[in-house]
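K.L.:
Using the hints, build the complex out of the two chains.
One-letter residues, chain by chain:
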Amino acid sequence: MRQMSRLLAAYIRRYVLQWLAARSFVLTLVVDQGITPLIGLAVWAAALPGQPGIKTYYVALLVVQLFTVSYEQHTFSNRVYEGQLADDLLRPHPVLLASLGENIAVRGFHVVIGLPIILMAGWVAGARFGWADVALAAPALLLAAALRFLFTALLSLSAFWTEQAHGITGLGNTLIFLLGGTAVPVALLPGPLQALGAALPFPAMLGFPAEVAAGQLTPGMMLSGYSWQLGWIAVSAALLLVVWRAGVRRYTAVGG
Amino acid sequence: MLRLGRLFLRVVSLTIQRELAHRVNLFFQATLALTQVAAGLAALSVIYTHVNTLAGWTAAQATLLLGIYEIVSGLLQAFIEPNLAFFSNKIYGGELDDLLLQPAPSLFTASFSTCQPWALAEVGLGMLIGGLSATHLGSIPTAGGIVAALLLLLVGIIIMWASRVLLASLAFWAQGLELSVLYSGWWQLGRYPITIYPGPIRWVLTYIVPVAFIATFPAYALTHPLDPLLLAGGAAAALGALVAMRLVWRAALRRYTSATS
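Chains as they are written, first to last, in the numbering used here: chain S, 716 to 971; chain A, 14 to 274.
Extracted from the complex, chain A is given alone in its bound form (with noise of 0.2 Å):
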C-alpha cells in the first residue's frame, strides 16, 4: 500500500514536470476549470436571489455543497478521468496491454498511471469555496459533524472511482460502448442538493447511482445533527462500490485477450 501511495506521487511529481515545460497550456487549462466553476457559483448566487431556501438548503449550505462538488470533481478531472475516459480505446487498440505489464497491480495502473494537475484548480477552488460558505452557517460545524462530513467525502472519492472503473469495464464485453459523455452528463446531477429531484430520480441518485454521496450528503453531515444511518449507509455504499469494482475488473480481465501480439 505504502509502494502504492509513493508510486502515485511519482507519478503526480512527473506529470507536473511534464506539463510545467508547456506552461501557457497549464494556465489556460486552469483557467477554464476555474471560469466552469465561476459559472456554477454565479447561477447559484442568482437562484438565491428569488428564493431563500431551495428545496430546504439555504444559501450558505447550497454553495458549501458546490464546493464539495468541485473538489470531487476536480478530482476526478486531475487522477480518474485522463485514465478512464474512452477507456475502449485502450482496450481495442493495445494500450492496455502496456498497462497490465508493469509491475504494479493492474486497477492501480488502469486508473492511475498519468493526472492533469490543472485540474488541482478546481480542487482549490472547490476548498475556497467550501471554507468561505461553511463561516456563513450561522452555526458552527461540531467535531464530529466536521468527522462525519469527511468520512463522507472519502465515500464520494471512493464511488467515484469505483463508477467510473466499472463504466469503463463494461468495454470489455461491449465493443464500441463508450459511456464516458454519458458519465460527465450524470455527474452534474451532483451539483445541487438531490432534494430538488422528484421522487423516483432522487431515490435512484441514491440507492441505484449513488451520485448523493459526491457532495449532497458531506454537506448535509456538516450543516445537521449527526446521523449513524447516513455513516453507516456510506460506509456499506463504499463497500459495496470497492467490492463491485474489484469483482468486476478481475472478471473483465480474465475475459480480456490482448490486442497486441
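Bound-form chain S, shown alone (with noise of 0.2 Å):
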C-alpha cells in the first residue's frame, strides 16, 4: 500500500510537470468546464430572482465541478487506441493507477487556475457559505471526485471494444450534465424525476456535494446523499473491475 502511494505521488509530480507546459491550454479547458454551471447561475438567478440559495449553490457547483473533472476518454482510451497500453501493462502496478496521478495533476491546475474565476463568481453572485456546511460538504467532495473518476474510467474502458469511448463518455457527460445539478438543481427537478434524480449517481458526482455546501439539506436527506456516494463507489469499482478484466483479456497489442 505504502509502495502504491509513492508511485501515485510519482505519476503525480510527473504530471504537474507534463501539465506545466500546457497551462494555456489548461486555461481554456476551465473555461470550458466552468462555463455550464456560470450559465445555470445565470438562467436560475434570472428565473427565481428570490432565491439568494440558488446562487450560493451554482458557486458550490462551479468549484466542484473543476474539482472532480475528469478525462479518461483522453489520458486512457487514447494510449489503447494508439497502442501504448502495451507498455503501460508490463509495468508491475495496477495500469489505472497513472490515469489516476494524471487526473489528480490535472484536477489541481483546474482548481487553481479556476481559483480567480470562482472567486470573482461567488463576490459577483453574493454568494454565502457557513464554515459548517463547508466542513459537512468536504467528504462529499472527496467522494465525488472519486465517483466521477471511476465512472468516466469505466466509460473510457469501452475502448476495448469500440472506437467510439469519447463519444460513449460524452453521452456520460450529457447525463451528468443534465440529471447532476447543473442543467437544473436536483431539488427543483419536477416531482417524480426528483426521487429518481436523488438516487442515481449523477448528483453524487456533482450536485449533491454543491448543496450540502449551500446548506440546502437536511440531516436525513445528507445521510441518504452520503449513503448513495457510497453505494455508487461501490458499484463503480466492482464494475470498473470487472469491465477491465474482460478488456484486457481482449486486447491485442500490435507490434513489438
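Keep in mind that the hints were calculated from the coordinates and are not lab data. Just to be clear, a hint being listed does not mean it is correct.
[As the list claims (entries may be wrong)] Derived Cβ-Cβ restraints for the label pairs, each shown as a range:
1. S:P905 - A:S271: 57 to 63 Å
2. S:M936 - A:I29: 50 to 56 Å
3. S:A850 - A:L113: 37 to 43 Å
Yeah, the Cβ is synthetic: ideal placement off N, Cα and C, and Gly gets one too.
P.N.:
The following block contains the structure:
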C-alpha cells in the first residue's frame, strides 16, 4: 500500500510537470468546464430572483465541477487506440494508477487556475457559505471526485471494444449535465424525477456536495446522499474491475 | 463565386460518400448530437415548469431561440469545426501547405476542405424545434419579421465563420496558443436569451464577442415588431466581421513561413 502511494505521488509529480508546459491550454479547459455552472447560475438567478440560495448553490457547483473533472477518454482511451497500453501493461502496478495520477494533477490545475473565476463568481453572485456546511461538504466533495473518476474510467474502458469511447463518455457527461445538478438543481426537478434523480449516480458526483455546501439539505437528506455516494462508488469500482479484466483479455497489441 | 459553390457541394458530396462507408459511426455520432440537443430542450422545459417567462422570454420564444441556436451550432459542427478546430496543428505540422497549394482561395480551402455530415442531424432537429415552437408563439410572425429573422440568421452564420477564422489565425502569431476549447465553451453562452446575463456581460456578448447574433437576435426579430436598428446593426456586424476576417487572414499568411520544405 505504501509503495502504491509512493508510485501515485510520483505519477502526480510527473503529470504536474507535464501539464505545466500546457498551462495556457488548461486555462481553456477550465473556462470550458466552468461555463455550464456559470450559465446555470445566470439562468436560475434570472428565473428565481427571490432565492439567493440558488446563487450560492451554483458557485459551489462550479467548485465541485472543477474539482471533479475527469478526462480518462483522453488520458486512457487514447493509449488503447495508439497502442501505448502495451507499454503500460508491462509495468508492475495497476495500469489505471497512472490515469489516476494524471487525473489528480489535472484537477489540481483546474482548481488553481479556476480560483480567480470561482472568487469572481462568488463575489458577483453574493454567495454566502457557512463554515459548518463547508466542513460537511468536504467529504462529499472527495467522494464525488472518486466517483466521477471511476465513472469516467469505466466509460473509457469501452475503448477495448469500440472506437467510440469519446462519444460514449460524451454521452455520460451529457447525463451528468442534465441529471447531476448543472442544468437543473436536483431539488427543482419535477416531482417524480426528483426522487429518481437523487438515487442516480449523477448528483452523487456533482450536485450533492454543492447542495451540502449551500446548506440546502436536512440531516436526513445528507445521510441519504452520502449513502448513495458510497453505494455508487462500490458499484462503479466493482464494475470497473470486471470490465477491466474482460477488456484486457480482449486487448491485442500490435508491434513489438 | 459559383465555382466555389460547386466546389463546396462536391466536398460535401465526397465526404458523405466516404462517411457512408462507416454507417455505424455516422449513426452513433448523429445520435449523440441529437441526445445533446434533447438534453438542452429538457433543461429548458424544466425551467418553464417554475416560471412563465425567463428574462422576458416565454417558453415558446425561448424554445424557438434554442432551435435557431441548434441550427447554427449544427452548421458550425458540420462545416467549420472539422476544418478550423486545432488549426495550430495544421500550421506547425505542415498541413496548411497542402491547403495553400490547391487552386482555390486559401480562406475557402482552410475553412471548407472537409465536413462532418452527422452534425446536420443537429441542424434538422434545430429546424424542427424552431418550426414547432413557432406555431406556439400565440401570434403569427409577419412576413417582415420572417425576412428580418432570416437575415439575422445569416448574420449569425457569418459571425460564426469569421470569429472561428479569427481565433484560428491567432496561432500564426502565438505558437502553442490553442483556443478551440475556449471557443466551444464561449459558444454555449448563445443557448439562452442574452437578457439573462448581467449588464456588463450582456454588453460584451452584444458588441465585443457578438454571441447575441447566433440566436437571440434572430429569435427576437421573429417574435417582436420589426426593429430597423437591429437589422442595421446586424448588417454592420456581418460586414465588420468579414472585413476583419479577410484582413487578419491576409496578414497571417504574409507572416507564414512554410513548415515543410
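K.L.:
If a hint holds in the structure, say so; if it doesn't, say that too.
P.N.:
Hint by hint, here is what the structure shows:
no., hint, in the structure
1, S:P905 - A:S271: 57 to 63 Å, "holds, 59 Å"
2, S:M936 - A:I29: 50 to 56 Å, "holds, 51 Å"
3, S:A850 - A:L113: 37 to 43 Å, "violated, 60 Å"
Of the numbered hints stated above, the single one contradicted by the structure is hint 3.
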